[in-house]
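Following the hints, position chain H against chain Y.
Number of protein chains: 2
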Amino acid sequence: MSYKDNLIKIDAYVAGEQPNKTDFIKLNANENPYPPSPKVMEAIHSFNCGALRKYPSANAVGLVNALAEYHGLKPENVFAGNGTDDVLSLCFRAFFNSGKPILFPDITYSFNTVWCEILRIPYEQIKVDENFNINAKDYRRENGGVVIANPNAPTSIGRDLDFIREILDDNRDVVVIIDEAYVDFGGITAIPLLKEYDNLVITRTFSKSRSMAGMRLGYAMGSTDAICALYAAKDSMNSYPVDSVAQAAGIASIGDEEYFRQTLKKVMATRERLTQEMRKMEFDIPDSSTNFIFAQHKTKSARDIFEYLKSKDIYVRYFNKPRIDNRLRITIGTDNETDMLLKALREY
Amino acid sequence: MSYKDNLIKIDAYVAGEQPNKTDFIKLNANENPYPPSPKVMEAIHSFNCGALRKYPSANAVGLVNALAEYHGLKPENVFAGNGTDDVLSLCFRAFFNSGKPILFPDITYSFNTVWCEILRIPYEQIKVDENFNINAKDYRRENGGVVIANPNAPTSIGRDLDFIREILDDNRDVVVIIDEAYVDFGGITAIPLLKEYDNLVITRTFSKSRSMAGMRLGYAMGSTDAICALYAAKDSMNSYPVDSVAQAAGIASIGDEEYFRQTLKKVMATRERLTQEMRKMEFDIPDSSTNFIFAQHKTKSARDIFEYLKSKDIYVRYFNKPRIDNRLRITIGTDNETDMLLKALREY
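Same order as they appear, the protein sequences are chains Y and H.
Residue numbers for the first sequence follow our numbering, beginning at 1 and rising by one.
Residue numbers for the second sequence follow our numbering, beginning at 1 and rising by one.
With the rest of the complex left out, here is chain Y (with noise of 0.2 Å):
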């Protein structure tokens, strides 16, 4: 007998590329191509540094009242952790405890399934259709939990309230999780949905469109009785979860919204153009409600692509699963990164 037998064994989550150069473009981790405002940066340079003697808020309060004024919620039903995967992993644990399996897509973010082995969760994950759309009467059926991103990723499709409605009402029973981490470009938002629901619970996240993937910077919106037992298994786990840095460089951009709007347009505009482009080069491309898209050429392999951008310094996201293996998934650029690419797809 040694210690390693008893060591954690599992297939854990596999995150985009990290190449070890710096003279790249880096299109694989879904990362805003512009930086955080200028008040954020105000924020963490003019931080009284002695503070952090003291442990920090361990419920953020100050950053979790600046959410709740800005989505015009009250406190109790609002919860930040330390990045949405941080704020996912707790809502798993907290929520789906009934022994039924969980459902989500089959095609939707991979942590899922991650998760869910480790907490011992079972789950279902329910096919999405030949266009990669959620079919929400799938989810009519006995469950312990649905657990639906909107927009969705790899896919980038957004689908409207009804949808949500729909999965909501047959789910009154169990959480329904939105989890609308790449909402603000251009998709609906089902928080006013909470008033009607107390089952459902929305995830956001600060790395897509408040450009803060550095800072680890996550919440989620529901009843109080779910966000107390949000509270219930984060104490379990790690009380202090959000540094104080990061609470205070959170309220700094939540309070800078002309910045927020002005990034989202410039992002969203340079989305429509590369769509456009490479519709033109006769890539199939969903209409994107995120900061990527997900492409597939009419005649060329998508590994092929990938690797051939690669070789040119350009990192696109590729995933070798079934159902999705000829598709690429492009994190949207500066107008200028998506010259290049579309320099180097033409040239291919």
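Incorrect hints may have been included.
As the list makes no split between identical chains, a pair holds if one copy fits it or if it spans any two.
27 Å max Cα-Cα, derived DSS-like pairs, lysine-lysine [stated by the list, open to error]: (1) Lys74 - Lys195; (2) Lys100 - Lys9; (3) Lys39 - Lys54; (4) Lys343 - Lys21; (5) Lys343 - Lys100; (6) Lys300 - Lys321; (7) Lys300 - Lys127; (8) Lys74 - Lys21; (9) Lys266 - Lys280; (10) Lys39 - Lys137.
Everything labelled a hint here was simulated from the structure, so no lab data went into it.
Okay, now just chain H, sitting in the frame of chain Y:
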């Protein structure tokens, strides 16, 4: 049926009270009374905030390299996380999968039982003796792992390497975690034993000796296999637990040994003074190897003293728990705070 039926039910960890006011003396969370190194402030105030648009180094490579060099280890033997609570919870998940009970003292960090409950790890709490000493022989029995804080908390007692070696020798087939959260204040580190014992994992925090509780940084040191298991556990929950600013701040702290030594010296000098003065007032206090003392008065009730100090705006920690409910855990503050504490105790 309601979604509420399946919400998590657990008794979470309760941290030290955080009074909702500013003008008080806070000696209840073992925070350092001195600010972090000026180099930490420099690192934060000169941080390139544009870089926040990108995800941080998922494995905190720069910080891990700095820690490895500092401790004379290889980077593959160091793991960094979002505070020691994050690191320890990942350790419990990564190492204790045998189904056999893990062992730890009945009087030690109270988060241990919470992690066992939530991760469904069986455990046995081994009684410390009447002087709060851990008897190494008590850990010579079949088990799934051992967790010892050295120095221990809230007892403040540090043990030597013979003691650690005995526990390691008796438990070669399981992981033995030595939590060295307080070791810099006069404890004896087990780092030299890492070469001999591949089942040894040591955890550390930036929260106490490095005055960075607000920044959320902790780390583990162990065999390559153990550290790999920690990465697998991390990548099954949250790929990026340590944000980019925290990584930079941690590297800066590690780089300022002189400030670090000065701060430790001040805290230890104040501790000796406080201990001697309180012993004169008939307090029983074990010799502390930490930044707190564990005091019991010969005749007065700990709870009464706790309430009295609170009424004077001095917050210390009182545990309403068997065997330690007549003791106070008092964090070492500044010299001025210590004078005010001593004055209040004399008045009482």
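Hints, one by one, checked against the model:
1. Lys74 - Lys195: This pair counts as within: shortest intra-copy Cα distance 11 Å, inter-copy 53 Å.
2. Lys100 - Lys9: both (23 Å within a copy, 17 Å between copies)
3. Lys39 - Lys54: Cα proximity of Lys39 and Lys54: in one copy and across copies (24 Å, 17 Å).
4. Lys343 - Lys21: The answer is within: 22 Å in one copy meets 27 Å, while 60 Å across copies does not.
5. Lys343 - Lys100: This pair counts as neither: shortest intra-copy Cα distance 50 Å, inter-copy 60 Å.
6. Lys300 - Lys321: within (17 Å within a copy, 68 Å between copies)
7. Lys300 - Lys127: within (25 Å within a copy, 68 Å between copies)
8. Lys74 - Lys21: Between copies only: 22 Å across, 45 Å inside.
9. Lys266 - Lys280: Answer is within; shortest intra-copy Cα gap is 22 Å, inter-copy 70 Å.
10. Lys39 - Lys137: neither (44 Å within a copy, 58 Å between copies)
Hints 5 and 10 from the list above are not met by this structure, while the remaining hints are.
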